[in-house]
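Undergrad: Given next are the chains, with one letter for each unit.
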Amino acid sequence: MTQIQVVDYGMGNLGSIVNMIKHVGGNSLVCSDPQSIRDGEAIILPGVGHFGEAMKRLRKSGWEESLNESRERGAWILGICLGMQLMTRFSEEGGTEGLGWFPFDTVRFPDQGSDGKRILVPHMGWNFAEHGPQQFDGWRESEDSPRFYFVHSYRVDGPEDPSCFSLTEYCGVPFASGIRDNRVMGVQFHPEKSHGYGMKFFEWFLQMTED
Amino acid sequence: MRPRIIPTLTVSLEGLYRTIAFRKPSYVGDPLNALRIFNEKEVDELCVLDIGPPAKDFSDRLLFFSDLAKEAFMPLSLGGHLTSLSQMEAVFRAGYEKVVLNTAAVDTPDLVREASSVFGRQSVVVSIDVDSSWLGGERVRTNRGQKATGLDPVEWAKRCEALGAGELLIRSIPRDGHMKGVDLGLVKRVSAAVTVPVVAVGGAGCFEHLREALQAGAHAVAAGSLFVYQGPRRAVLINYPESQEIESLAA
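Protein sequences appear in the order of chains S and U.
Per this note's numbering, the first sequence starts with residue 1, numbered consecutively.
Per this note's numbering, the second sequence starts with residue 1, numbered consecutively.
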């Protein structure tokens, strides 16, 4: 069984991810040394907190280099929440450059939604993952739009990009909630905290990393 | 977006308890068992509050909280006797998304500021317990209602937001456990004064009470007794509204 390596750079809800992987029958290991993922086949980049602070930690401790290497050698990498945002070029949160794996940025929500009302951030609660431009549906249980738990104040600005396989709307503002480029993917929602839909998501991720 | 409906589990190391106006704790059952049932019911979120006496050893309690988190595949928050950043970090590592600060926020407001800068403001909830009396007006109390602070709830809520709280739990002490409805005036005043999400708690006894609290301005409603009791004789029966019912609460 492929061991899922969970990157520990001091900014993630690692416990929840480890618990969920175990629940769906997988095997995971929390890694705090960037060298330890050198040969890993499946890596999860979690993240809760400030983009600028997260990038600073990834750069300082050597994670950025080892993650770039892992991407180049074709490992599976799944970014969750801030972990997904870190894969973009740049974030308005902290005005910091990201890993730059996807050709778009992480931006603020506008002050007003499409209905003219003030948008409350964080976007916190349950919302739907609709189909995006990229057909990539193995993680969906059926044709229904799965419901996931979200909590974030910035959004990934690539809902029209061909890499976007899941999109979500908050107050009428669409954003990319799932992006994928071959074996590298990110989700804005928290599948580890999303009940049955989240279990299905992780089961699918484990299965893909086995193939 | 649909509002969040949040069961609260008021626990001590000995079990799950419900109280009335913070008094008369009655044993409801095994918290882990309750949590499993809430898990099956796919609840929006769960709030675990430790109402036991302050334990000498944090590690014992952490073990208990970790056991709960292992079974919980929904967003989880934890409150009760948290006083340091290192305790909070351990709680996040155990699988909780948010910490709930109450007494510690009043005693050491800087803790709220530090926690929100380290863990992000969406991870820091401040819980405000409010007593109201005919003569004294509305005042914040801490230490599980034992200690008067003299703070006005609206002013304190604004201060918490400025300190970095990402969410506020507003609880009416006299309404706790009575299941006769939420203090709508309090919810209205606090939610009009802040821009962070306000979670109304204390007093919900039926589905309509949840709707009223949302209409008064709450972004989410939390309840204890409502989701563990059934019927006028308070038979213990873990329950939760159907997903479609919650959708019907969306503004």
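Just so you know, these hints were derived from the structure itself, not from any lab.
A quick note: this is a predicted structure, and the numbers were derived from the prediction, not measured.
Heads up, the beta-carbon is just placed ideally off N, CA and C, and yes, glycines get one too.
Keep in mind that the hints are not guaranteed to be accurate.
Listing some non-contacts, in silico: residues in chain U with all C-beta distances to chain S over 12 angstroms [claimed, not checked]:
#, residue
1, M1
2, R4
3, D44
4, E89
5, A94
6, G136
7, V154
8, E167
9, T195
10, A220
Simulated crosslink set (EDC-like; lysine to aspartate or glutamate; CA at most 16 angstroms straight-line) [stated by the list, open to error]:
#, chain 1, residue 1, chain 2, residue 2
11, S, K117, S, D33
12, S, K200, U, E40
13, S, K22, S, E203
14, S, K60, S, E92
15, U, K70, U, D107
16, S, K60, S, D115
17, U, K147, U, D107
18, S, K22, U, D30
19, S, K22, U, D107
20, S, K200, S, D137
21, S, K56, S, E97
22, S, K200, U, D67
Undergrad: Are the hints correct? Go through all of them and say.
TA: The hints, checked one at a time:
1. At the 12 angstroms boundary, the C-beta of M1/U falls inside the reach of chain S, the nearest C-beta of that chain being 6 angstroms off.
2. Interface exclusion of R4/U from chain S breaks down, the closest Cβ pair being 5 angstroms apart, not more than 12 angstroms.
3. The beta carbon of D44/U is not kept farther than 12 angstroms from every beta carbon of chain S, the shortest such distance being approximately 6 angstroms.
4. Residue placement check: E89/U does not keep its beta carbon more than 12 angstroms from all beta carbons of chain S (closest about 9 angstroms).
5. Separation of A94/U from chain S is inadequate, the least Cβ-Cβ distance of about 5 angstroms not exceeding the 12 angstroms criterion.
6. With a cut of 12 angstroms on Cβ distances, G136/U stays outside the contact zone with chain S, its closest approach being about 33 angstroms.
7. In this structure V154/U is separated from chain S by more than 12 angstroms, as the shortest Cβ-Cβ distance comes to about 19 angstroms.
8. With a least CB separation of 8 angstroms from chain S, E167/U falls inside the 12 angstroms interface cut-off, contrary to its annotation.
9. With 12 angstroms as the threshold on Cβ separation, the claim that T195/U sits away from chain S is violated: the shortest Cβ distance comes to roughly 7 angstroms.
10. For A220/U, the condition that its CB be more than 12 angstroms from all CB atoms of chain S is violated, with the nearest at approximately 8 angstroms.
11. At roughly 46 angstroms between alpha-carbon atoms, K117/S and D33/S are farther apart than 16 angstroms, so this suggested pair is violated.
12. Distance check on the hinted pair: K200/S and E40/U sit about 15 angstroms apart at the alpha-carbon level, within 16 angstroms; holds.
13. Taken as a hint, the K22/S and E203/S pair is honoured in the structure, with Cα atoms around 10 angstroms apart against an allowance of 16 angstroms.
14. With a C-alpha separation of about 20 angstroms, the suggested pairing of K60/S with E92/S is violated against the 16 angstroms cut-off.
15. Taking the CA atoms of K70/U and D107/U, the gap is near 31 angstroms; set against the 16 angstroms cutoff, the hint is violated.
16. At most 16 angstroms may separate the alpha-carbon atoms for a hinted pair to count; K60/S and D115/S exceed this at roughly 43 angstroms.
17. A hinted pair counts as satisfied when its Cα atoms are at most 16 angstroms apart, and K147/U with D107/U qualifies at roughly 11 angstroms.
18. Under the criterion of a C-alpha separation no larger than 16 angstroms, the hint pairing K22/S with D30/U is inconsistent with the structure, at around 23 angstroms.
19. Our distance criterion of 16 angstroms between C-alpha atoms is broken by K22/S and D107/U, whose separation comes to about 39 angstroms.
20. Proximity of K200/S to D137/S is assessed by CA-CA distance (about 12 angstroms); at most 16 angstroms being required, the pair is judged to hold.
21. Distance check on the hinted pair: K56/S and E97/S sit about 10 angstroms apart at the alpha-carbon level, within 16 angstroms; holds.
22. Restraint check for K200/S and D67/U: the C-alpha separation of about 23 angstroms exceeds 16 angstroms, so the hint is violated.
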